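Student: One-letter residues, chain by chain:
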Amino acid sequence: MKVLLPTPLADYTAQAREVEAEGATLAELLDDLDRRFPGIRFRMIDEQGAIRAHIKIFVNRRQAPGIASRLAPSDEVLVVAALSGG
Amino acid sequence: MPRLLVLVGTRKGLFIVSSGADRREWSIDGPHFLGQVVNHAVLDPRDGRTLLAAVRAGHLGPTVFRSEDLGRTWAEAQTPPAFRKAAEGERGEAVSHVFWLTPGHASQPLRWYAGVSPPGLFVSDDSGRNWKGIAGFNENPDRIQWCGGLQDAPPDGATLHSLSVDPFDADHLYIGISTGGVFESRDAGATWTPLNKGVAADFLPDPDAPFGHDPHCLRVHGAARDVVYQQNHCGIYRLDRGADRWQRIGEHMPREVGDIGFPLTLHPRDPKTLWVFPMDGGTVWPRTAIGGKPAVYESRDAGESWKRRDSGLPREQAWFTVKRQAMTSDTLDPVGLYLGTTGGELWASFDEGGAWRCLRMHLPHIYSIETAIVP
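Residue numbers (our numbering), protein chains in the order written: chain A, 407 to 492; chain B, 705 to 1079.
If we strip away everything but chain B, and leave its shape as in the complex, we get (with noise of 0.2 Å):
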């Protein structure tokens, strides 16, 4: 009977929570690497086994370990994400940690993409065994002009996420910058180009600056041509492809929630089915739940409208912030949608947000999560 895994990586290691298909009764296998921040865990959709997690102890440097049996057994990368070692007299950097994983197209089954920060782009071919910088990123000459400076970091660095492949050519690959920005690549990383028109960037001198923007959350639906959005620091927005240029669908709700957030999640079917959970972007960014009342919001219809879906949610009182790995949804009918919480707790929804339960309390603070389907 297929099994739902739930991975989630905290700040003090990972947990596998898991039920049937059917979602009634939950176990929960863990922790991983106890005393580790794990930034993400991802298992290989293409081969349904193999299990990659960006691995970091407070002390000690970052690492990627892999698991073909759900965690039994773990063997760390030969060659972990390393930049390139600096020539003498140059200024060379070093890999914080590694905050992103994302299997390669379906063509390309033992490859694998890493975002790192100080934000890195890493590829391997074999599995997530040995690592190997994308060039055509981490030494492009812009590089630095698009991050802003190294010096220019958000509270846990800057850092290179959202790493997506384009479902329909493996050649065509995005990543979100914080700060820098979103862009693309048509050649497999060997030459990149920003995707910034249309978005706010109420931080920076020029309202039309070509990168430099905070993208917290980019997502490319898996089965859609050209369907890509994204939660940014100013704002949700929805892809133009034809134009290229973002549309704010944040400007569609309710004024008193605004459009802040970190996540933001599709449905895995219905392109124009996506959802965010909006935060305080107010007076010193306090990133909790709006008011104390922690909400889901969902549209039917490509952002042009938004529901509430706080059933079962805390009514009061409640100032967790969700990160923006931190929310996701499975592939079942109906969509299964899960959240944690920087307080350690897994909340669910079965129904596409209709009714929320938490799954699970007292876990450390849950930077990630992504959900499987294993035989």
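The following block holds chain A by itself, in its conformation from the complex (with noise of 0.2 Å):
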């Protein structure tokens, strides 16, 4: 499925902002992602699996509460990393 990308994570895919993963949850996805361009998942899951505080994941434009999430392959999953700091 099509996955988003905020640019502070551009540097893990080449400058992509757009690729392709697959997982039938959200935590799946983001293990592929990883598989995928290594290192990526730790910049925005902390090591107790939690969305890190300033990164947001939306799934359909519906915020995710957490990684458990379901995903079906047509959804569409956007991340921000939110605006913070100075």
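Hints are computed from structural coordinates only; laboratory data are not their basis. Here the structure is a predicted model, which means the values were calculated and not measured. Incorrect hints may appear among the rest.
Within a straight-line C-alpha distance of at most 25 Å, the following computed DMTMM-like cross-link-like pairs (lysine to aspartate or glutamate) qualify [as the list claims (entries may be wrong)]: (1) Lys997/B with Glu960/B; (2) Lys462/A with Glu797/B; (3) Lys836/B with Glu772/B; (4) Lys716/B with Asp481/A; (5) Lys836/B with Glu428/A; (6) Lys462/A with Glu792/B.
Reconstruct the complex from the two isolated chains, following the hints.
Tutor: And the structure:
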């Protein structure tokens, strides 16, 4: 399925902002993303499996509460790095 | 011809300021990791080549990058420092940022240590590519108590810092925890003992508390046995290893200056020479140069007496702060001293503090400074 990524993660994807990944849940999708782009998952998800404080993940424009969210092959996943700091 | 590198970690990236060994002509390379916090960058003195940087973008998780070509190319650690995943129903922790990097003992050429926030300790045995927690600290049942509970955090978060390896014993480690105190291990991190006797903790109800102190910067001498100093929240100290008791050498500082500050750096060859940068710890703790008149203080007799060293530094209205990792020395003769300010200025003295000059202005907020000599 289509995954849209924010610019802070573009170094992991050779600057691609739109990539493909598969998974029946958000957790599986993130694991697949990490296989394709090593290291990218840990920048979004901490070691306890929580979405990091300034990252938001939307599935079909609805915010995912956690990585257990189920996905369908036609879903679109959008990762947003929230605005913060100075 | 050997080159001297000054690695400047900042809130917005890493800069490598360098010169020949004569320290006359300086150039700057960077920023590396523009826009990302670089808490610490260290070049491995054992191979003169491996450069590690603790990096965190504001929005993203913390990691470690390594370079073997002085920053022309970087590779991210395959397994960055991360706490153990908690069991179901257990409260887990996540690394906020990697704060301190320390190369291991000379006899363990691939070993590195990392201190993180919240206070945690990690080790790599493959030159920084893969990191694992040191269970003797991270899983220690006393750890949370040592740290005063995980909610007891300074402004940038509670952290484990000042990781030091005894140059005469690879298994002998020192750490500082803010807040928590100084601890040491003599078995490579398997067990830990508080090392805070004699240190004031004005903010604790028990004046003889075994831990809970706030070391700002601990330094273990790299060439002399059992020479340890610390700049603490409550003064400057030298460790008397025989009695394992700290002596408050800051009591010999001028009364109007006091002995509050963050950084402390040692002479690489003379164990009795050290430098500190006193700051205003009065009222609400402004943490600025005292009276807006920055000065380094030098002791040549292990803290028994101190001399003001401010020639070349601003004479007035200079209210910068020097963070705990942002003052260091080089290994040349005479020793060079370097300090970085929260206002992005890099200052240096090439005569052991006698005269200071500003090497760079307009850098981002400086978090750390390290030096290295490369072939």
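Student: Need the list of violated hint numbers for this structure, in ascending order.
Tutor: 4 and 5
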